[in-house]
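Undergrad: So the protein lines, in turn, are chains A and B.
If you read the first sequence in full-length UniProt numbering, its first letter stands for residue 1, the second for the next number, and so on.
If you read the second sequence in full-length UniProt numbering, its first letter stands for residue 1, the second for the next number, and so on.
Calculated directly from the structure, the hints in this document are not laboratory data.
Check before you lean on any hint, since a few could be wrong.
To be verified - Restraint-style ranges between C-beta atoms, simulated for each label pair:
1) A:A751 x B:T59: 46 to 56 Å
2) B:V118 x A:N229: 51 to 61 Å
3) A:A105 x B:K170: 46 to 56 Å
4) B:K170 x A:R758: 38 to 48 Å
5) B:V118 x A:S394: 29 to 39 Å
6) A:N230 x B:H57: 38 to 48 Å
7) A:N230 x B:R109: 26 to 36 Å
8) A:S93 x B:K170: 46 to 56 Å
9) B:L163 x A:R182: 24 to 34 Å
10) A:D180 x B:L163: 36 to 46 Å
11) A:A840 x B:H113: 56 to 66 Å
12) B:T59 x A:Q763: 29 to 39 Å
What the hints assert, rightly or not - A few chain B residues facing chain A, derived, Cβ under 8 Å:
13) G54
14) H57
15) T59
16) S61
17) G145
As the list claims (entries may be wrong) - Which chain A residues stay away from chain B? Per the calculated CB distances, all over 10 Å, these:
18) I38
19) T48
20) V55
21) L101
22) N230
23) F339
24) K402
25) R404
26) V708
27) T729
28) K836
Computed from a predicted structure; not experimentally measured.
Backbone N, C-alpha and C define an ideal beta-carbon position, used for all residues, glycine too.
The primary structure of each chain is shown beneath.
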Amino acid sequence: MMRGNKPVMINVGSSVNALSLSKDNSKVVIAGRALLKIYNVDETNGFTEHLNLHVGRKQGLNMSCSDVAWSSVDETLVATAATNGAVVAWDLSAPGREKKLAILAEHRRTVTKVSFHNFEANLLISGSQDGTMKLFDLRKRESTSTFQSKADGVRSVQFNPHEYFLFAASFDNGYVQIWDYRRPTGCVNQFIAHKGSVYTLDWHPDADRKMTLATGGRDNMVKVWSFENNKEKEINNVPTMSSVSSVKWRPHHPEQIATVSMMLDFSVNVWHLGRKYVPFAHFEVHKDSPSGIAWKQTDSNYIFSCSKDGNLMMHAMRDASCPADQSVSSGLAFSSCGFIAHSSQTSNTMVRAQSPLGSSSKLPAIFGWKAGMKDMVEIENLPDSPLATAPRTSHFLNAKSKFRIFTSVHYETKPCVDFDDYPDSTSHIFEHMTMKNFIFAARKYILDGASANLTFSELCHYNSEVALDAGLCNVARTWKLLGVFFHKDILLNKSSTKVESGEKLKKLESENKRHSLTVKKDEIHGSQIISNTMNDIDSEHHSDDGRLQIEDYLTDIARGRQSEPDLYMTDDDPGFGYGGITSEAEFLSEHEYSYVPSEAFQQREDIELDAIAKFGHIEPPSGINVDTESEKRILTAHGGRWHEKVVPKTMELSSSPSPPANEDDNISEGVINVRPTLWPAPLDEIKEDIACQQLEYFAEMNDIQTPVVMLLAMSSYPTPVILPIKSETVEHWQSSYLDLLAKNQLWVEHAKVVKLSRVPAVQALSSSSTFTLGCQVCQRRLPSSNPWSCDRRMDGEHQNKAVSCFYCQLPVRGRYTYCQGCSFGGHSSCMAAWIKLCQANRTPIVCKYHCV
Amino acid sequence: MDGCNALDQIYMVKRINSEHKDLLHDVSFDFFGKRMATCSSDQSVKIWDVDENGEWHCTASWKTHSASVWKVTWAHPEFGQVLATCSFDRTAAIWEETVVENSSSQTERVWVHKVSLVDSRTSVKDVKFAPKHLGLQLATCSSNGIIRIYEAPDVMNLTHWSLQNQIQCKISCSCLSWNPSTHRNHLPMIAVGSDDPSSSGGGKVFIFEYNDQTRDWSKVLTIMSMTDAVSDLCFAPNLGRKHHVLAVASEDLHIFTIKPSSNETSTSSGTPPTYNQVAHFTDHCCKVVNVAWNDLGTIVISSGDDGHVYLWMANYLGIWRRVGELKKDLSPPSDMASPPVEKSDLSPLPVDGNRINFRRFTQGRAPPTERPLDPKFAGAYY
């Protein structure tokens, strides 16, 4: 991207191979295959043609220029290198059109480079593909010395601007040689500078660094060498993007160097050795590879470049783009483990502080940022200001990154003991950053109530406790509510509906219960809400007589049944529906409804007190007294913030006049706020909707765990309740939740969810690691009951062919261990023995894979 | 109120000497957050692994490109330990960590160059892997405004990537983000931000959607209100939400919700997505350069050009507010091998319990928050 103006440019019509500036920098000579022209350079008028040296039709190969050089001593001397091996010298002062001074056809192959001596106008050196360099004296019009490189073709040759007798040459095989031209028998020094061709070299123009040489090569590197006692030393390097075809030191800027590349990259880059990885300035205007560059010696803010597309340009440094400025030099990342990594550039503040204008520069960056920026731009756009590049350079060089990692420390979240407890904001942020509670809950939640032998209500109760421990009050409450809503629909045992005898069932279930007794005891201990009620039970656990009774009771209340035998029978019968509850309702209406005026909300609260008490299954069986204290606690527990979300929704449903939602409102009031006469039937109609809405609400609030776990829990029973939520949505939820579980490396929980999911796409996740075994003979799938042998194993052919150990040839009944590479396998012990045997005998294991 | 230094209690800041020889441009955690990759102008990428004490150690470092490496990103671990990098040298590259046996028959892990994607003619500014459910896909964006979508047809062969689509964005692109939603009806979506400096150039954030029928990506939305250069943008993890949330770092921090196009009837003419700006914060007194989300998509972390890091969170009504700040420590950079442990310098806004005095900027630009003069700054002249 260009800043400011376009460069001064001209298109000369054909490919340019090289350029050179006149002594006073007012003219530029460009050379190409059929091109040799001199242009006047003027900043206002641009390039104007001064002289065309390519005249006449028959110029021959002598005029096919690969390089051009203009003497820095004599304004009138120009030399070109021809592809046929000739070096042509031109005298611009010659009268007429014919300005050739001499044609020095001594090289046998293409001359790649010509270079004038910096002090002797008549000395000219050339390098050729034939592997020699020749020193010409233009007075003699022939070569005075020939330097046999004994290396490869010469790529570049240049006199040292300060050491009178020295010149350097670079070669296709990666060598650089230093010669003293008085001694053509052998070089002073030679060394391997690059991998591959060294295309270019440039002596440092400063006298105090006279023995510093920059080289550029095919290996994309620019290297800076210094020589002490004829021993080379690499003092710096610049890794560039592509092979370097030309390097040029910037005059008066000892640390800056310009490069162009041979292919792919069409830009001109200026590098600062103080920061070698990022171009200090970048010009990207050529449409093809730039072939030559030259700094304006009198004003180092300008650089000339020519390119294969025929463009000759003069770039001003102030127009350069700064890749360093445009880059985002700051990174920020959040880790699933609770880290935050942040890197930022430290020099930003420094830059603005250096701005010499305006009071804003006196203030630290954060106060005067935008004003400071403006100052900077203005200064840089003043072309002749000495400040034009100084701040930019120091900004460029001072750029440093600061890299910090924020580690989450252990923060003791206040435990949530009540439904009304709400985590303080710190723990709230902490939870969202570290997901500690999410992980806790994901581990603790029981999803599959059927296999854990918990009734749905028990499951909900347990999970509610988990949610409470995790500080998720709303979730805990929703679990309770789900238990209330669906305990009659979601049953532990499908066959239970068919069992005639209630007593038999009870016994059966209590048998089952015993296995999970410990679990339940834990639950009960953990329970804080209904501990009052449970205390009585707890104490009775130890008496053998009491045990069965208590368990029966637990089963009953968990399944929402009344313990009275007459109600019990009707409970599971769909025909009778809500027998138990209906009778409850009647019971209630006898007691309470008669007192309920249509608009008296306070009275309704009393109704719910009982209703919730019943729904929540904390009503004791007859014979156990419950003090009103515990009921009160449950009621208050249901109060709180929940109403803020659910009340409006349920209000719509129940189409009753919506009361103003104030602090004293109760969520359960909202949920069961239906016209008393229609109750409880409407509850059954709307409960699924309410549950759906609640789950969708959680999903929208970014709590994906709750809806997924609840849905899974509800569908994990033999008699599942499938909420009318779109399957795409469920799939979306489950896949999102699985993703989070995977992020936290909760693989067991991940597998559980996949197993319980009823969404085909999610179920498919487990199929990738499931193998179905087939009989080797009949290809039929092996039965799940005897997965080690075929159904027809009595038939001799099928005998032992199914899953046999490759080592002992016997069927494998238990774990089948196999090599994933060659698929040979068998008993684990056999495999181990086999490998041991192989290692002992030093024979290779059958396959190339290392089986274990 | 104990919330007055909330993040102070949660986060401990640790300066790490990255030993990169030039500016760091990007830092990226892997899927599990236990590995970290950094990239720098020094053309190299470093891999960091965390030990059980929470200390990060550089376990690999190698030269990746021949110019500044702008971005580094991890593929989903399902595809292996795979990195993608993009660079000023106009390429993007894929790297895979493989176990090799060295000469002394010990196994060691090395990062192997798999492929260079060389289609771009200009600097590749960003590279991102698609969410896992879209397969092994990769999007790159270049500074000449071309977005390219690559796909590895065979996930076992990372050396072969085919260029699936090429989208012209016309103005210089700086950043992109895939929509991570796994919803069946949400079309694959990419948001692209432009760093074009001219503010007259119209919107700088574009949303592209993939159309299954035409098998092509098309621009479905331009956020016209974003006229400043965008330096970073990021979709929030979509955890079952119906809409998408996009955080944009520009001159200021913006948060948008994007309602996906309704193609549930799968007719060809679904309504295009719509957007709504839900937050606009000018609290950063400079350009906002980076945004990141937590895993739940509930907290936005943003960093400014001056090194300040803010945390933002929405309350239960969906109103965003600032919840904390990790201020840049002003101590001179230490070059010691063992970085000193510092307490983060934090000053979150006063928080009144759960009810926060939040502001909501939905229209126009609100005046920047007035900030008290930090005693550290008073009289600090550079």
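Undergrad: None of the hints should be skipped; say for each whether it holds.
TA: Hints and how they fare:
no., hint, verdict
1, A:A751 x B:T59: 46 to 56 Å, "violated (30 Å)"
2, B:V118 x A:N229: 51 to 61 Å, "violated (45 Å)"
3, A:A105 x B:K170: 46 to 56 Å, "holds (55 Å)"
4, B:K170 x A:R758: 38 to 48 Å, "holds (47 Å)"
5, B:V118 x A:S394: 29 to 39 Å, "holds (36 Å)"
6, A:N230 x B:H57: 38 to 48 Å, "holds (45 Å)"
7, A:N230 x B:R109: 26 to 36 Å, "violated (45 Å)"
8, A:S93 x B:K170: 46 to 56 Å, "holds (54 Å)"
9, B:L163 x A:R182: 24 to 34 Å, "violated (60 Å)"
10, A:D180 x B:L163: 36 to 46 Å, "violated (56 Å)"
11, A:A840 x B:H113: 56 to 66 Å, "violated (41 Å)"
12, B:T59 x A:Q763: 29 to 39 Å, "holds (38 Å)"
13, G54, "holds (5 Å)"
14, H57, "violated (12 Å)"
15, T59, "violated (15 Å)"
16, S61, "violated (14 Å)"
17, G145, "violated (12 Å)"
18, I38, "holds (34 Å)"
19, T48, "holds (33 Å)"
20, V55, "holds (39 Å)"
21, L101, "holds (43 Å)"
22, N230, "holds (31 Å)"
23, F339, "violated (6 Å)"
24, K402, "violated (6 Å)"
25, R404, "violated (5 Å)"
26, V708, "violated (8 Å)"
27, T729, "violated (7 Å)"
28, K836, "holds (20 Å)"
When each numbered hint is compared with the structure, violations occur for hints 1, 2, 7, 9, 10, 11, 14, 15, 16, 17, 23, 24, 25, 26 and 27.
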